[in-house]
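Chain residues, written in single-letter form:
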Amino acid sequence: MNERNERIFGVACTFRKPADVFHAAEKVRDAGWTRWDVHTPFPIHGMDQAMGLPRSKVPRLTLLGGVTGFITGCLLTWYMNSYDYPLIVGGKPYWSAIFPFPVLYECTILFAAFGTFFGQFILNRLPHHHHPLFELPNFARVSDDTFMVVLEAHDPKFHVDDSRNFLQSLGGQEITVIRD
Amino acid sequence: MAHAHDSSSERPAILDKVRPAELPRPKLILNDRGFHWITDKVCGIVEEPTPLWWKVLFGVALFIASFTGLGLFYLVSTGTGTWGLRSPVGWGWAIVNFVFWVGIGHAGTLISAILCLLRQKWRTSINRAAEAMTIFAVMCAGIFPLFHVGRVWFGWWLLPLPNQNGIWPQFRSPLEWDVFAVSTYFTVSTLFWYMGMVPDLGVIRDRAKTWWRKAFYSVLALGWRSGNRQWSNFEMAYLLLAGLSTPLVLSVHTIVSFDFAVSNVPGWHTTIFPPYFVAGAIFSGFAMVLTLMLPLRAIYRLHDVINQYHIDNMCKIILATGTMVGYAYATEFFIAAYSGNVYEKFAFINRAFGQYSWAYWIMVSCNVITPQLFWFKKVRENHSLVWIICIFVNVGMWFERFVITCTSLANDYLPSSWGYYSPTLVDIFTFFGTFGFFSVLFLLFIRFLPLLPMAEIKMVAPQADPHAH
Numbered sequence: 379m380n381e382r383n384e385r386i387f388g389v390a391c392t393f394r395k396p397a398d399v400f401h402a403a404e405k406v407r408d409a410g411w412t413r414w415d416v417h418t419p420f421p422i423h424g425m426d427q428a429m430g431l432p433r434s435k436v437p438r439l440t441l442l443g444g445v446t447g448f449i450t451g452c453l454l455t456w457y458m459n460s461y462d463y464p465l466i467v468g469g470k471p472y473w474s475a476i477f478p479f480p481v482l483y484e485c486t487i488l489f490a491a492f493g494t495f496f497g498q499f500i501l502n503r504l505p506h507h508h509h510p511l512f513e514l515p516n517f518a519r520v521s522d523d524t525f526m527v528v529l530e531a532h533d534p535k536f537h538v539d540d541s542r543n544f545l546q547s548l549g550g551q552e553i554t555v556i557r558d
Numbered sequence: 009m010a011h012a013h014d015s016s017s018e019r020p021a022i023l024d025k026v027r028p029a030e031l032p033r034p035k036l037i038l039n040d041r042g043f044h045w046i047t048d049k050v051c052g053i054v055e056e057p058t059p060l061w062w063k064v065l066f067g068v069a070l071f072i073a074s075f076t077g078l079g080l081f082y083l084v085s086t087g088t089g090t091w092g093l094r095s096p097v098g099w100g101w102a103i104v105n106f107v108f109w110v111g112i113g114h115a116g117t118l119i120s121a122i123l124c125l126l127r128q129k130w131r132t133s134i135n136r137a138a139e140a141m142t143i144f145a146v147m148c149a150g151i152f153p154l155f156h157v158g159r160v161w162f163g164w165w166l167l168p169l170p171n172q173n174g175i176w177p178q179f180r181s182p183l184e185w186d187v188f189a190v191s192t193y194f195t196v197s198t199l200f201w202y203m204g205m206v207p208d209l210g211v212i213r214d215r216a217k218t219w220w221r222k223a224f225y226s227v228l229a230l231g232w233r234s235g236n237r238q239w240s241n242f243e244m245a246y247l248l249l250a251g252l253s254t255p256l257v258l259s260v261h262t263i264v265s266f267d268f269a270v271s272n273v274p275g276w277h278t279t280i281f282p283p284y285f286v287a288g289a290i291f292s293g294f295a296m297v298l299t300l301m302l303p304l305r306a307i308y309r310l311h312d313v314i315n316q317y318h319i320d321n322m323c324k325i326i327l328a329t330g331t332m333v334g335y336a337y338a339t340e341f342f343i344a345a346y347s348g349n350v351y352e353k354f355a356f357i358n359r360a361f362g363q364y365s366w367a368y369w370i371m372v373s374c375n376v377i378t379p380q381l382f383w384f385k386k387v388r389e390n391h392s393l394v395w396i397i398c399i400f401v402n403v404g405m406w407f408e409r410f411v412i413t414c415t416s417l418a419n420d421y422l423p424s425s426w427g428y429y430s431p432t433l434v435d436i437f438t439f440f441g442t443f444g445f446f447s448v449l450f451l452l453f454i455r456f457l458p459l460l461p462m463a464e465i466k467m468v469a470p471q472a473d474p475h476a477h
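Those sequence lines, one after another, are chains A and B.
Counting in my numbering, the first sequence tops out at residue 558, every number present.
Counting in my numbering, the second sequence tops out at residue 477, every number present.
Take the hints with a grain of salt, since some may be wrong.
As the list claims (entries may be wrong) - List time: in silico BS3-like cross-link candidates among lysine-lysine, alpha-carbon distance up to 30 Å:
no., chain 1, residue 1, chain 2, residue 2
1, B, LYS217, A, LYS395
2, B, LYS35, A, LYS395
3, B, LYS49, A, LYS395
Said to hold, decoys possible - The following residues of chain B were derived to be distant from chain A, with all beta-carbon distances above 10 Å:
no., residue
4, LEU38
5, GLY87
6, GLN128
7, VAL157
8, LEU166
9, LYS324
10, ALA360
11, HIS391
12, ILE436
13, LEU457
To be verified - Selected chain A positions facing chain B (Cβ under 10 Å, derived; list incomplete):
no., residue
14, VAL416
15, THR418
16, HIS423
17, GLY424
18, GLY444
19, GLY451
20, PHE479
21, GLU484
22, THR494
23, PRO505
24, HIS509
25, LEU511
26, PHE517
27, ASP523
28, THR524
29, MET526
Please keep in mind that the hints were generated in silico from the structure rather than gathered at the bench.
The structure displayed is predicted, hence computed values, not measured ones.
Cβ atoms here follow ideal geometry from the backbone N, Cα and C, with glycine treated the same way.
Isolated chain A (complex conformation):
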């Protein structure tokens, strides 16, 4: 084997049922793994707890977006209708939060949605077109009806043979070593 093949990304195994992969995930979590993932065709209810994942950080970016949007809306309407070109309408104040409220409201939602949308892709490190998992022949089935546990080589607990045996003990099938 040449040098390139010796670089290992991790070890993968498949499961046929959501319940099986769910219980396997609980055992991997309890064994203290940190660099690993469960690939499923759909989000399995309760899998975040089974994997011991913390709450997603997307809401922070949503809040950041929303606050930015509200301030942007305020500055936009204030600058345009009150500072740069003040409009005199019936002796009313040049700017208040009331008359452009629909604009502030929509700007808040728009920027909060940008924060959520881009935040989700940034946190998920997407787009990411080249990944060792895509080289795995049975990975295509994961988006259909197969469930996969992947233990990554970056994890301090990782050792090729031990990890294979561990996955076998969890009841995983088609145990494969993924080359980087």
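We have chain A; now place chain B onto it with these hints.
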């Protein structure tokens, strides 16, 4: 579940004796279809060779869409006088069509966002197509106010951009609020739709056999790997976008109704407009969802994932919102009579018995009377009849906007300035063509993108529950 019961000391002893039956819930997926069946069914629509009916319909849709092109070309090259607008009716078909199309869109957001927050699992089978409908309907809607500005090449003055006149948009105007509301609505709906589609695009990518297909769907799927670390962020973002879209969709038709309600024209200047417009929008939108989904269900044999339960629910929402709209019509009359304002009273008597009474009664019979048939199970189970009733609702809701817009303007305060509005051929062409434009986009969607959200349907399948035995 059994463990949970045993550990609870509060559990009454009687429950062990009677062994209560599980609450029967209607099945969302019939015939116990598995995950692979769902993948095959939905991807099959995109993967099969282009069917003949699609090619024929696409040609017809393009032909019809050309009418909008023709109408707009004639309008821009000749001048705004080619529309039927003249004093006193300055808002004719263009505004009617705008409100009609925006309203259609609202059902898509209701299904994708509000029903998501309410945990209505049946939404999963129809939400993708309904969201697509939203986006395409808003695109159709946008054409009308854009060309209504007169000199369309100055349309960008609506946006807060610096121009050589050194002036800015006027944020006290409901029309400017509308620019923000509709453009935000379009943007957020598109983001929501695309984000929800990324995992399903990954499925089509993974099944792709040819190089160009693989490349096309790989780019769209952004390298989605369906790992639970990704799903965790995805689910959170989906929930948040649903939470953001809910106040958004309610605000959009509220602001559309402000275009009327903030003026002081009799029949427009009422506080009932925002809720009444939102109910009407959802009403017409659901009718459009059924108009589109019933034929698709028949063509692609989707009976297992879009079953009678889904159709029943949609019919019941049409019934509920249709009744709300009817109630709003009655309230308007009552308030007009109760207000003691002669102009307001006249506006409503004139709607029902004046020169546009024909339009008013088309509106009432289509919107208030026809949907009442959905009280009957027999009617909801007869899908041809459901489809016909939905067409009636669509027609009725177009007439509602026509009645609101035209009757109030044609007969306002001074009888000496009254008039009668009729559309010209250019108006008719432009509106007729938007149905083609909508169909072109919808047909492209059916052909190239996943029509049903596979991951979400799999998620509500009984075998997806990790605690099922």
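The hints, checked one at a time:
no. : hint                : result
1   : B:LYS217 x A:LYS395 : holds, 27 Å
2   : B:LYS35 x A:LYS395  : holds, 20 Å
3   : B:LYS49 x A:LYS395  : holds, 20 Å
4   : LEU38               : holds, 18 Å
5   : GLY87               : holds, 30 Å
6   : GLN128              : holds, 16 Å
7   : VAL157              : holds, 19 Å
8   : LEU166              : holds, 12 Å
9   : LYS324              : holds, 27 Å
10  : ALA360              : holds, 32 Å
11  : HIS391              : holds, 29 Å
12  : ILE436              : holds, 33 Å
13  : LEU457              : holds, 16 Å
14  : VAL416              : holds, 4 Å
15  : THR418              : holds, 6 Å
16  : HIS423              : holds, 7 Å
17  : GLY424              : holds, 6 Å
18  : GLY444              : holds, 8 Å
19  : GLY451              : holds, 8 Å
20  : PHE479              : holds, 9 Å
21  : GLU484              : holds, 4 Å
22  : THR494              : holds, 5 Å
23  : PRO505              : holds, 4 Å
24  : HIS509              : holds, 6 Å
25  : LEU511              : holds, 6 Å
26  : PHE517              : holds, 8 Å
27  : ASP523              : holds, 4 Å
28  : THR524              : holds, 9 Å
29  : MET526              : holds, 9 Å
Checked against the numbered hints listed earlier, the structure breaks none of them; every hint is satisfied.
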